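Asker: In case you want the letters, here they are:
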Amino acid sequence: MKEYVMGNGAIALGALAAGVNLVAGYPGTPSSEIIETVSKYPHEGVHLEWSVNEKAALEVAVAAAYSGARALVTMKQMGLNVASDPLMSAAYVGVKGGLVIVSADDPGPISSQTEQDTRRYADFCRIPVFDPSTPEEAFAMIGDAFDYSEKYHTPVLFRPTTRVCHAYASIDVPDSFSPVKYEGFIKDSKKWVIFPRLSYINHGKIEERNKEISDDFSAYEFNSVSGGGEKAVITSGVSFSYVGECLKNSSGVKLIRIATAFPFPEKFLLDSLDGVKEILCVEELSPYIEEQVLRIAGKYHLDIKVSGKLDGSVPHNGENSAELSETVINAFLGKSSDTDEADSDMPDLPVRPPVLCAGCPHRASFYAVKQAVKGKKAFFCGDIGCYTLGNAMPLDMVDTCLCMGAGVTMAQGFSYTHDDAVCFGFIGDSTFFASGMTGVVNAVYNEADIIICVLDNSTTAMTGNQPHPGTGLNMMGNFVDKVDIAKVFEGIGVKSVVTVDPLDHSRAVEAVKKAVDESGVRAVIFKSPCIAVSKPQGKCLIDNEKCIKCKKCIREIGCPALVAAENSVVIDSNLCTGCGLCGEICPVGAIGGAKSE
Amino acid sequence: MNKDIIICGVGGQGTVLASKILAASAMQEGNTVHSAETIGMAQRGGSVTSHVRIGGEARSPLIPFYSAEIMLAFEPAEAVRNLKYLDKSGVAVVNTAPTKPVTESLSPSGYESAVMTEYLEKKRDCIFVNSREICKPFGSEKFFNIIMLGVAAGSEKLGISKDTLLSQIKKRVPEKFVEANIKAFTAGYEAGQNAGK
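Residue numbers (our numbering), protein chains in the order written: chain A, 1 to 597; chain B, 1001 to 1197.
Calculated from the structure, these hints are not laboratory results.
For clarity, every value in this text was computed on a predicted model and none was experimentally measured.
The beta carbon of each residue, even a glycine, is placed where N, CA and C say it ideally should be.
All the given hints hold, so there is nothing to weed out.
Derived Cβ-Cβ restraints for the label pairs, each shown as a range:
| # | chain 1 | residue 1 | chain 2 | residue 2 | range |
| --- | --- | --- | --- | --- | --- |
| 1 | A | 496 | B | 1142 | 41 to 51 Å |
| 2 | B | 1130 | A | 421 | 43 to 53 Å |
| 3 | A | 44 | B | 1161 | 36 to 46 Å |
| 4 | B | 1001 | A | 184 | 47 to 57 Å |
| 5 | A | 484 | B | 1108 | 40 to 50 Å |
So these bits of chain B aren't anywhere near chain A, every CB distance computed over 10 Å:
| # | residue |
| --- | --- |
| 6 | 1089 |
| 7 | 1125 |
| 8 | 1193 |
Start from the sequences and build out the full structure, keeping to the hints where you can.
Answerer: If you want it as structure tokens, here you go:
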């Protein structure tokens, strides 16, 4: 049956069609919809989970693959940093059942901290990588990835990018799926226990095997060549689609597409370069293919000029597009590019930075802390999630943001370098389970003087409201005991733990003030559900008789529902959730009605 | 049929549902369809676009500049921002009611809808709709995305039949809102027909 699905959906359905037995991952844009798609289709007999983090997900999957089962792991590219420890070792040990790790890269970056390139990890770990250019290809290639994993007993990386993950296409979906039958785990400590001796032996075998895979990949259908001439464009991933768009009506140019960047299909490239004198490499993120082409040109003394990112012909940063590809290809072919339409009269456009939603409890939590430490020197260490948006004016409550879990630990670092500052670490509930808890142990053990603020909105909001251990619902559809964050703190030995409703403004401010007056490791848990998973409490209304038009509500909290109009403030009833925070701020009590509906 | 349609607006205006209905309708009429959306962090109050590419010739998930035949702009400044996707002989269906960003409340930059619409009129054929006015009978702007589809269909620039669109709307909105959505579509359709004359 034909279904119109997102690239991530195509990956999920391709894995189900390949008989996957276990799927695990951690949410992260642009990868999150893979697991969500599996959950929406019949998947009887498949274990499905949101793991606490990517490392846990991969380790769960590795055991399944040792058992002979087919396992899929999903994450965004930075999640692979978290999972890199088990990945590197699993690459040495190898697998029995197919193990495919989807690590979705995000050129731009559009919603990520880095522009790292998963193909580098494949090279680093010496394992194969597949690089689809469309949802249709992703559907077909994920099955190939499982086959290669089993054929060569190795974990395999699968690297889509945002524009593949979030593109939609029509996929021919099988009517039913059945997980593959597997043998089960056969004990063999010489095989499954990583020791220096095993790593030494396997390292040699892996390099030999990779030569075989390189030959195998040289005949792989998605490594393709078309057209002819002395000039060639070499491309990969979604850039293949952009370049294809540009070369639709061009002749005299060879188009070479590399779908498996590692082990590099050397024979395929050599054959494809017959008669070629100049090459332009068009790829996103790192110049990986370009470096391989240069390596091969050196190895075989090829008289070919290679251009791309390394000589400045293509930008190093940002995502590619049909337009960018056209510009660089025209320059390469010596053609002139059409200039854009003159837009000197184009009006200035408003910038639309992402902001916390109207009614978001994080706004109230940040504002409570801001009020509680007024006049004191304080550092606010943020973390990864919607609450990173607390950095925006007028809240201005995120001084640092580094990576998952770093808020808790960086606050500790500042506490050792600044005796005179109150050091706060902010962390969301899902991030707390992912990588915050060990940081709390570190703080207690090393006697840090910090306040950890958990922004508990009962969901993984930024990536689309996935459940987590604190919500009590898992991806097998079962309700389980919720992991209680306050109890986790108590169990670790944090002496001062308080839970408050951030929308109860005065109490929240008092709770933070009390924590500020204490010393050692203190925890304030701000508990209030994300507006995306809870019902609005009503609408706030401004009493125009009472309002003195001071606009303090707008200046203090920057809620998108508060709109400055001609000499007045109005509340956008389409956005307001009735959280009532603006009512707490109004100096004349002109805002009310939050609970009136 | 080969046709690119660009949809733009601000996160929360329902552009994603509009693009899904368009894509499904074009497929129902036997076309190959690809589409792409900006989602994720950019979705929260930010600029959003959906690229709907009808026909098997499309390669890139995003519409190349100056290739779209029609633009559905849910916000006037977003229409200007994305005008580069619209063919110079293309048609823009534009909401004249602005959605001002929070930053505009903090430090006004003087962004006015009229400045945007004047620019748009100079550059392309435009059909203007005001969401505040056209949504009044519905008591909410929640149906505006369906109204926009109606306007585009009514202007006869879409190349997809009214009946196909209606059947997809019925499929994709919650049952209790089907009737209201059909009314919204019809209101838009009539406005589009009048504008097209």
